[in-house]
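Two chains, two frames, a set of hints: combine them into the complex.
These protein sequence lines are chains A and B, in that order.
Just so we're aligned, residue 1 is where the first sequence starts under UniProt numbering, counting upward by one.
Just so we're aligned, residue 1 is where the second sequence starts under UniProt numbering, counting upward by one.
Some hints here could point you the wrong way.
[What the hints assert, rightly or not] Some chain A residues close to chain B (C-beta under 8 Å, calculated; not the full set):
1) Gln101
2) Val192
3) Asn204
Just so you know, these hints were derived from the structure itself, not from any lab.
Glycine included, each C-beta is placed from N, C-alpha and C at the ideal position.
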Amino acid sequence: MLDLFAPFFQRLYETTGINFTPFYDPYDWGRLLEGMWVSVQLILAVIAVSMVIGVVGAGAQTSKLRIVRFLVAAYIEIFRNTPPIVQLLFFYFGLGAITPQVDMGGWYEPVIGSFGWAVIALGIFGGSYNVEIFRAGVDAVPETTKEAADALGFSDFKIFAYITLPLAFRFSLPALTNNVISLAKTSSLAYVIAVPEITYTLSNIWSDSVNVPEMMILLFLYYIVLVAIIAWVMGWLERKLALPGYGQ
Amino acid sequence: MRLKTIVGALAIAAATVGTSAAQDVQNDRFKEVLDRGVLRVGVQGAFRPWAFRAPDGTLQGIEVDLAKTVADRMGVKLEPVVITSANRMEFLKQGKVDLLIGAMSDRPDRRKVVGIIEPAYWTSGPTLMAKAGVIKSWDDIKGKPVCGKQGVFYNKIAETEFGANVIAFGGNTEAKQALRSGKCIAWVYDDTSIAADIASGEWEGFEMPVDTVFSNPWGAAVPLEEQSGIWGAFMAGMAYNWHKDGTLIELEKKWGVKPSPWLAKMHEQLTYDNSYLNN
Numbered sequence: 001m002l003d004l005f006a007p008f009f010q011r012l013y014e015t016t017g018i019n020f021t022p023f024y025d026p027y028d029w030g031r032l033l034e035g036m037w038v039s040v041q042l043i044l045a046v047i048a049v050s051m052v053i054g055v056v057g058a059g060a061q062t063s064k065l066r067i068v069r070f071l072v073a074a075y076i077e078i079f080r081n082t083p084p085i086v087q088l089l090f091f092y093f094g095l096g097a098i099t100p101q102v103d104m105g106g107w108y109e110p111v112i113g114s115f116g117w118a119v120i121a122l123g124i125f126g127g128s129y130n131v132e133i134f135r136a137g138v139d140a141v142p143e144t145t146k147e148a149a150d151a152l153g154f155s156d157f158k159i160f161a162y163i164t165l166p167l168a169f170r171f172s173l174p175a176l177t178n179n180v181i182s183l184a185k186t187s188s189l190a191y192v193i194a195v196p197e198i199t200y201t202l203s204n205i206w207s208d209s210v211n212v213p214e215m216m217i218l219l220f221l222y223y224i225v226l227v228a229i230i231a232w233v234m235g236w237l238e239r240k241l242a243l244p245g246y247g248q
Numbered sequence: 001m002r003l004k005t006i007v008g009a010l011a012i013a014a015a016t017v018g019t020s021a022a023q024d025v026q027n028d029r030f031k032e033v034l035d036r037g038v039l040r041v042g043v044q045g046a047f048r049p050w051a052f053r054a055p056d057g058t059l060q061g062i063e064v065d066l067a068k069t070v071a072d073r074m075g076v077k078l079e080p081v082v083i084t085s086a087n088r089m090e091f092l093k094q095g096k097v098d099l100l101i102g103a104m105s106d107r108p109d110r111r112k113v114v115g116i117i118e119p120a121y122w123t124s125g126p127t128l129m130a131k132a133g134v135i136k137s138w139d140d141i142k143g144k145p146v147c148g149k150q151g152v153f154y155n156k157i158a159e160t161e162f163g164a165n166v167i168a169f170g171g172n173t174e175a176k177q178a179l180r181s182g183k184c185i186a187w188v189y190d191d192t193s194i195a196a197d198i199a200s201g202e203w204e205g206f207e208m209p210v211d212t213v214f215s216n217p218w219g220a221a222v223p224l225e226e227q228s229g230i231w232g233a234f235m236a237g238m239a240y241n242w243h244k245d246g247t248l249i250e251l252e253k254k255w256g257v258k259p260s261p262w263l264a265k266m267h268e269q270l271t272y273d274n275s276y277l278n279n
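Here chain B stands alone, though its shape is the one from the complex (with noise of 0.2 Å):
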């Protein structure tokens, strides 16, 4: 018995030495993918536009064109993967996808599971979708009734920074229904979504008339254990490239995307200042 303990803790030991020796960084996953010929990306499956099924059965969106251009730059075929925000970080530790592309906010409890991509591409914070014209800035929610979805934080700072009247419902699909049966002047939920929303078609006559609030940034995601290895290292180069060539700004206008200050804002920051060269 004593024997068996003892046994069983230097196993335990073993196991935990081998974790710490995981962490540190690899650099299989790169070789792996170009050996393979394949690059497996974990996107979203029904998330208009950003990565859905198009009625041909291939998936189609932003997630997967920015994962094309990974795929083309390596000079491999691009394999999508759909991926839930539950299994998202497990394929990914398991070795299922290389590389996630998914409206993966950026979280602190999330950077201790993956290794999440600097910069960011993307970013969602809570907005307003009204019938176009009736809304023009925040403070015109005060004192009126505003659809929600029980269970969001937008809906404090709508009633507590903005003082709206927050009418919240069990689900998105109640709280949309409502709105458009008039019984609320907006609704609070995040931008991402009501531009999907807006994007879909489905909301002739409805628009996003103000600026999100605060924004959480959305980052592309390899094994923690390469984040600072070459796969992490091409990564980064492969997002900051996102940006400096506006390649999302882009896709912005492909997709139908309201375009987004953030975005603008990113595109100028991130291109490097080389007017030296015309001296």
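Here chain A stands alone, though its shape is the one from the complex (with noise of 0.2 Å):
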């Protein structure tokens, strides 16, 4: 793939100046796509702990146990309230330093490595922002639905589970829209605790190459399409969950 462009590319460079190294140079290139791919994955797997961890959280504090209500608040006021820099920081050099490792002979393969922790980090990061979104869900869905389930006979949790979650899902959909992309784009902080993704391997490149505007228009439209792919598919979801009749 890279020969298709690269002749262009070098051109591009050696008549204008304008370098784009990943174009051409096949170790940058490699260095770009695995950027990307990281990125991606990164991207997916905070936004699906962070979803998990709204969930809970807003069905925990649901609950009557006035100790859980407590932890739940405590949790949201510790991570909201703190730069995601370093909270990133904290666990990796922090936690990471007394989770088990395993010996490699000279190093230690750390059973979470930087890329676990940045998931692990920016998950509970964001989950702390999700869970009062999914809050304000489950606040607008009716008293009188929940009334009418428990008239039913079902138990607080299936009330929880089968009524209110699905009526508060969609509620929540425009705020957590925002939520998601917002961390999509936190994502790019893990280059501090050494992530290979995308701004980690770009600004390598530019400090290599010295060709730091140009890396900054790849990263700019790398994040641009991303976050574009993202809302769509929210705004798709939005569509197809949409009730008739029902918050609009």
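Structure (structure tokens):
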């Protein structure tokens, strides 16, 4: 694939000085592809973790136990109110030092690597917002609907799982889209713990070849395209799940 | 208006002539230092063991010792001046210091600004720091995680030439912390900096196990217009003698720096073969 456009970009560099090294240098091309792929994996994993945390957290918020409600509130306060970059460093260097490691002869292959810690840290960070987003959705479900389910003999858990949550999810979608997009962009912070995602990769390339503006353009285009895709998927989901006459 | 332009152009022309005249060899500095009785040498402030502030507040280190040999030879007092990478060349140009001995890598762009003295007195280049006994040659990092600092071109060398998997962090502190906690098998960085870390005593159980891949020499520097004058020639002689009489190798020992093959080679090369005297 590189052979197709390498001569063009090589020529572009020689004639104009515009230097897109990944499009003619096989080493940088490999780095770019890997960076894009790691970035997509990271974003998908972070979104998945944050969604699960959001749903579980919102469920726990409706708990009758005061201690559970307090723990959820404490979690939100801690992780929503501290910068994600600090959380990443704390998880990787702080907790990473006390988690089990496998001796590989001179270095330790940690059970959780930098990618794993990035998923955990950013997932927990995004999850703290999602709890509140889902809570808004849960609160928007009419009391009467829940009472009707109660009258039909549904248990508390079943009311949450089968009645409240599916409706709450629909109410939450617009706010959720915002948070998911924001998370996708926040994933670029993982470069501080050396996760080889796109920002890390391109910044390495531009320090090697001093082609900062060109790589900045690539980075911009990458995120614009990626976020456009995420927004499109979320919009599609919103239309797909819309109930006629409900929440519209 | 027209007149002003002409006068302005003439002023610029005069200034240009003045500058080009300044490029000619001047020989003021050597005499100035002798008259003053004090030699001011720019050294780094916090780079153990090259130049750093000792607990008693004085500046010490290899660079300071080298500066002392110059002052002693001239019979004047030494006044070390702390410089930074950003201001040192300006200090020399403005005459705030007479001489620079401070981790000055000999690069073409710097040669345009200051008079870099040959021979160079030290070199630095990419090498590794690792736990003692783990690494024996550069080949040992193949396919393994190696810590680095983002934006250092040594990383690319470690990846492309030696097949390492470089994990680069934003700063030295994070990268070294990652090495300490065993997240990587070694740290790729500048050999002088690694040697300084090891000499500091805070890296017990770590070593610099491999030779540098290539070296970029560090030179002392005098003002550009004095480079081919007495001051430059005198300093070139000093630098030659540092190699020849083993001063640099002694300093290496004195400050606990790992013996550098380059210094040993220079010592050999710059020792004049006068075996004919024995005939």
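Quick rundown of the hints versus the structure:
1. Gln101: OK, holds: A/Gln101 within 8 Å of chain B, min 7 Å.
2. Val192: Given a least distance of 6 Å, the restraint on A/Val192 holds.
3. Asn204: holds, 6 Å
When each numbered hint is compared with the structure, no violation occurs for any of them.
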